[in-house]
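Peer 1: Residue strings, one per chain:
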Amino acid sequence: MRFSEEVVKLKDVWVAYSGSDRPAMRNINLTVSLGKLLLITGPNGAGKTTLIETCLGLLKPYRGSAYLFGVDTRSWRVRYSRKMCGFVPQDFMKPPFETYTVRHVIRLGFAPYKSIFESLTEDENRRIQRISELLEIEDLLDRPIGTLSGGQQQRAVIARALARRPKALFLDEPFSSLDREGRKLISSVIREYVDSEGASVIIVSHDVNPIIDYADIVVKMENGRIISGEGYA
Amino acid sequence: MLEFLGLALLAAVLSGNLCGAIGFYVQRLKITTLSFSVAHAALAGASIGLILNLDPVYSAMIVAVASALILGVIFTRVEYGRELISMAVFSTSSAIAVFAIYLSNVRVLATASIAVVLWGSLLAITVEKLILLLLTLFIFVLYILAYKIQIDSMLYDVKMAEAEGINVQMHMLIMLFFAGLIISSSLRLTGGFLVFTLLYNPVAASFQISRRAHMQLLVSSILGASSASSGLIVSYILDWPVGATIALVSSIILLSAYIAKIIVEAARRRCLSCPMLG
Ligand SMILES: Nc1ncnc2c1ncn2[C@@H]1O[C@H](COP(=O)(O)OP(=O)(O)O)[C@@H](O)[C@H]1O
Ligand SMILES: [Mg+2]
Chain A
3 MRFSEEVVKL KDVWVAYSGS DRPAMRNINL TVSLGKLLLI TGPNGAGKTT
53 LIETCLGLLK PYRGSAYLFG VDTRSWRVRY SRKMCGFVPQ DFMKPPFETY
103 TVRHVIRLGF APYKSIFESL TEDENRRIQR ISELLEIEDL LDRPIGTLSG
153 GQQQRAVIAR ALARRPKALF LDEPFSSLDR EGRKLISSVI REYVDSEGAS
203 VIIVSHDVNP IIDYADIVVK MENGRIISGE GYA
Chain B
81 MLEFLGLALL AAVLSGNLCG AIGFYVQRLK ITTLSFSVAH AALAGASIGL
131 ILNLDPVYSA MIVAVASALI LGVIFTRVEY GRELISMAVF STSSAIAVFA
181 IYLSNVRVLA TASIAVVLWG SLLAITVEKL ILLLLTLFIF VLYILAYKIQ
231 IDSMLYDVKM AEAEGINVQM HMLIMLFFAG LIISSSLRLT GGFLVFTLLY
281 NPVAASFQIS RRAHMQLLVS SILGASSASS GLIVSYILDW PVGATIALVS
331 SIILLSAYIA KIIVEAARRR CLSCPMLG
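Protein chains in written order, with this note's numbering: chain A, 3 to 235; chain B, 81 to 358.
Since the hints were derived computationally from the structure, they do not count as laboratory data. Treat the hints with care, since some could be wrong.
[Unchecked claim] Residues from chain A that face chain B, not an exhaustive set, calculated with beta carbons under 10 angstroms:
hint, residue
1, Leu60
2, Val80
3, Arg84
4, Cys87
5, Gly88
6, Pro91
7, Asp93
8, Glu100
9, Val107
10, Leu110
11, Leu122
12, Asp144
13, Ile147
14, Arg162
C-beta atoms are modelled at their ideal positions from N, C-alpha and C, and glycine is treated no differently.
Produce the complete structure using the sequences and hints provided.
Peer 2: Below you can see the structure in the form of structure tokens.
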């Protein structure tokens, strides 16, 4: 299967939630190519989460078209594009009774690449070890994720996304639970990842410090519209 | 006499176990409403079987599995009004079931087989049906093991699983397919109107008892098997209708689990506030 070099392409996209009479996103045009770090910012309710989930095809436009690696997100084939993506959702927190260990959670990121009865390779296990050292969570690997703090859980989910070695990484408010140290660490790890792998990272964050210093492009949203930085990225 | 009871008991354990397990997956994947429609489609299928003089288990299976697949496919295509479609299938199936039962009563006069389809029966379990249940259990376990990591990923977080490229729709379709298969093969024991009590009560009770996914699956399967088997024994001893007795037992288990949870939580709260332990 051939994929486009354009990671994301949104053409006159309108998105609404069922039961809502107001579109959450209107007339969005955006193209992101490989090797870019894009920062999408804007106040609460601007439509940032809607935008990131539309890129992945989790939400479908009711007007216009969205493409992920050149595949229309309405097509069933978008699943193959998604295998090249990592995703950290805004609501990543798990309650205290969630007993999956951090290592298990990160391993689950490899599930889409596995055929029946197949388990992880040595290489993949080593990669999990390396990424968790990079994000300074190697001591937490065997702890149940529910017992960790918000910042620790957030690092674990970012580790899962990075371990999959995605061509496109979608992060929805990845700094929300991190302290200053954590934000700096994640920002530099992500910049490093973009440069070494030639991958794209799309970060949504209402708080731009310090990631704005690392971003290639900054897009501002308000009221479901892009108010600056629209177009080609 | 004892031979058929043993057969029925085995069937009850298998049915209850399967219903408890599929109930857990259906609940965690949030396709309960869909499975409800599938259960009613099974009843419609069984009733159609009465008119056409087919084995109601097989006609139930065909209609249930077909409706599971159709619902599953529709759900991947449509985004709005999913609940509506589900309710439409549910009410249409119920109407067909009642209508077919009425017709078969008028035409075929097979009151005994109607009773089996509606209320379940101890005598309806044959070796053939038992083999069918065993076969269903075997392929279900095979599926769960084959796709363990993918299913685990969906149980942990469906949205992340979908965003990473897991074929979430396919797995939901397969789960619905199994729901159809399991419901139809359990229909003879519990009857068409009460089969969902085995699908929902054990898992609801397990949610009161544990909050860990794998524990819930285990507890739900065990509770399903024990409600079905103990319900069957009680119905045999007291000469009560088997389906209703099983439903009653599983409801009592759910209620007890709920009350136990309230008591345990109250005790825990008191311990926390007591100065010596706190
Ligand atoms: N599940 C939902 N149902 C209905 N409306 C929603 C839902 N999620 C978000 N919205 C609405 O869509 C708009 C954009 O939300 P969102 O994309 O979450 O903004 P942001 O991530 O920038 O804070 C808001 O007006 C919000 O109220
Ligand atoms: Mg948001």
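Peer 1: Look at each hint and say if it fits the structure.
Peer 2: Here's how the hints hold up against the structure:
no. : hint   : result
1   : Leu60  : holds, 6 angstroms
2   : Val80  : holds, 9 angstroms
3   : Arg84  : holds, 4 angstroms
4   : Cys87  : holds, 7 angstroms
5   : Gly88  : holds, 7 angstroms
6   : Pro91  : holds, 6 angstroms
7   : Asp93  : holds, 9 angstroms
8   : Glu100 : holds, 8 angstroms
9   : Val107 : holds, 7 angstroms
10  : Leu110 : holds, 4 angstroms
11  : Leu122 : holds, 8 angstroms
12  : Asp144 : violated, 16 angstroms
13  : Ile147 : holds, 9 angstroms
14  : Arg162 : holds, 8 angstroms
Of the numbered hints given earlier, the model fails hint 12 alone.
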